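Participant: One line per chain: the protein sequences are A and B, in this order.
Under the numbering used here, the first residue of the first sequence carries the number 1, and numbering increases by one thereafter.
Under the numbering used here, the first residue of the second sequence carries the number 1, and numbering increases by one thereafter.
Among the hints, erroneous ones may be present.
Sample of chain B residues lacking proximity to chain A, with all beta carbon distances greater than 12 Å (derived) [to be verified]:
{"no.": "1", "residue": "Gln-6"}
{"no.": "2", "residue": "Lys-9"}
{"no.": "3", "residue": "Gln-11"}
{"no.": "4", "residue": "Leu-13"}
{"no.": "5", "residue": "Gln-37"}
{"no.": "6", "residue": "Asp-38"}
{"no.": "7", "residue": "Leu-43"}
{"no.": "8", "residue": "Tyr-64"}
{"no.": "9", "residue": "Asp-73"}
{"no.": "10", "residue": "Ala-82"}
{"no.": "11", "residue": "Val-88"}
{"no.": "12", "residue": "Gln-103"}
Listed next, the stretches of chain B that the computed footprint assigns to chain A, with coverage defined by at least 3 CB atoms under 8 Å from CB atoms of chain A [said to hold, decoys possible]:
{"no.": "13", "region": "14–28"}
{"no.": "14", "region": "104–111"}
Just a few of them, taken from the derived set where beta-carbon distance is under 7 Å, the chain B residues facing chain A [what the hints assert, rightly or not]:
{"no.": "15", "residue": "Phe-10"}
{"no.": "16", "residue": "Pro-39"}
{"no.": "17", "residue": "Pro-83"}
No wet-lab data here; the hints were simulated from the structure.
The structure presented is a predicted model; accordingly, all values stated were derived computationally and were not measured.
The C-beta atom is built at its ideal place from N, Cα and C for all residues, glycine as well.
This is what each chain is made of:
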Amino acid sequence: AQSVTQLDSQVPVFEEAPVELRCNYSSSVSVYLFWYVQYPNQGLQLLLKYLSGSTLVESINGFEAEFNKSQTSFHLRKPSVHISDTAEYFCAVSAGTGNQFYFGTGTSLTVIP
Amino acid sequence: NAGVTQTPKFQVLKTGQSMTLQCAQDMNHEYMSWYRQDPGMGLRLIHYSVGAGITDQGEVPNGYNVSRSTTEDFPLRLLSAAPSQTSVYFCASSYYGLADYEQYFGPGTRLTVT
Numbered sequence: 001a002q003s004v005t006q007l008d009s010q011v012p013v014f015e016e017a018p019v020e021l022r023c024n025y026s027s028s029v030s031v032y033l034f035w036y037v038q039y040p041n042q043g044l045q046l047l048l049k050y051l052s053g054s055t056l057v058e059s060i061n062g063f064e065a066e067f068n069k070s071q072t073s074f075h076l077r078k079p080s081v082h083i084s085d086t087a088e089y090f091c092a093v094s095a096g097t098g099n100q101f102y103f104g105t106g107t108s109l110t111v112i113p
Numbered sequence: 001n002a003g004v005t006q007t008p009k010f011q012v013l014k015t016g017q018s019m020t021l022q023c024a025q026d027m028n029h030e031y032m033s034w035y036r037q038d039p040g041m042g043l044r045l046i047h048y049s050v051g052a053g054i055t056d057q058g059e060v061p062n063g064y065n066v067s068r069s070t071t072e073d074f075p076l077r078l079l080s081a082a083p084s085q086t087s088v089y090f091c092a093s094s095y096y097g098l099a100d101y102e103q104y105f106g107p108g109t110r111l112t113v114t
C-alpha cells in the first residue's frame, strides 16, 4: 500500500519570499506523484505531476517539484510567492494500474502581504 | 463541458435522516470516486467505480452506499445520517486504466449532521 506524509500543516510566508512544501511517500512499487491545490470553497485542481522522465516538473504558475527516489520525496517549491498562492496544497500518490489516489493531510499556505 | 458537477452545495440533516448526494460528469470518464475531507485528515476515499455497474469500497465506506447505472452519474447515499458524517464531500472522475490519469474534482458538498 501507499501512503503520503505532509509534515507541515500550516506554512505562513511573506509575499515575494520563497517557499517549500514538503511531501514524503512510502510505496513498495513505482509511483506517480501529484500536487493538487484547493482554493477556498473550491474543489481540488491539479498543479503538477510526475509520471516518468525528468525528475523536475513545473507548473504554469511558477511552482516546481522534484522527485527524489532515494529520499522518497516530492517537495513543492516556488521562488517567489504571491498573495494569490494562498490555498491548501495536497500531495498525492498513485501506483499500479488502478486509479486509487492516496492523499496527504494537506498544507495550508498563507501568503502575508 | 461542465466537468464534474455536484448537488447540493450545502445540506443540513438531522441524525437518522437519509439523503443522496448527486455527482455527474460529462467527460465520458470510466472512473468515478467519492472522497470526504475532514480537517487534519486530508481526503479519504469512500467508494469508487471503474465503470457502469461496477463499484467497490474505499478506505471509509461504512454508512455510505453507491451505485453506477450510467457512465455519467455516481450518486452517494447516506442511509441513516450520523454526526460523524459531517464533512465536505468531493466527487472525482478520470479515465481508467493507468494510474497516471489526472482526477477531476467537483466543487464539493458541505454536509452538516445535527
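Participant: Far enough from chain A: is every CB of that chain over 12 Å from the CB of Tyr-64 (chain B)?
Facilitator: The assertion about Tyr-64 (chain B) holds, with a minimum of 17 Å to chain A.
Participant: For Asp-38 (chain B), is the shortest CB-to-CB distance to chain A above 12 Å, so the non-interface label stands?
Facilitator: violated, 10 Å
Participant: How about Phe-10 (chain B): closest beta carbon in chain A under 7 Å, or not?
Facilitator: Given a least distance of 11 Å, the restraint on Phe-10 (chain B) is violated.
Participant: Classify the hint on Pro-83 (chain B) as holds or violated, based on whether any CB of chain A lies nearer than 7 Å to its CB.
Facilitator: Interface hint status for Pro-83 (chain B): violated (22 Å vs cutoff 7 Å).
Participant: Mind checking the CB of Pro-39 (chain B) against every CB in chain A and telling me if the closest is under 7 Å?
Facilitator: Given a least distance of 9 Å, the restraint on Pro-39 (chain B) is violated.
Participant: How does the coverage statement for the region 14–28 of chain B fare against chain A, requiring three or more residues with Cβ below 8 Å from a Cβ of that chain?
Facilitator: violated (count 0)
Participant: Are three or more residues of the region 104–111 of chain B within 8 Å, CB to CB, of chain A?
Facilitator: Three-residue rule met by the region 104–111 of chain B, so holds; n is 4.
Participant: Test the statement that Ala-82 (chain B) is away from the interface with chain A: the closest C-beta pair must be farther apart than 12 Å.
Facilitator: holds, 23 Å
Participant: Beyond 12 Å from every chain A Cβ: check whether that's true for Gln-37 (chain B).
Facilitator: violated, 9 Å
Participant: Evaluate the condition: distance from the CB of Leu-13 (chain B) to the nearest CB of chain A exceeds 12 Å.
Facilitator: Leu-13 (chain B) clear of chain A: closest Cβ-Cβ about 20 Å, beyond 12 Å.
Participant: Would the least Cβ to Cβ distance between Asp-73 (chain B) and chain A come out above 12 Å?
Facilitator: holds, 18 Å
Participant: Could you check that no beta carbon of chain A comes within 12 Å of the beta carbon of Val-88 (chain B)?
Facilitator: violated, 10 Å
Comparing the model with each earlier hint shows violations of hints 1, 2, 5, 6, 7, 11, 12, 13, 15, 16, 17; every other hint is respected.
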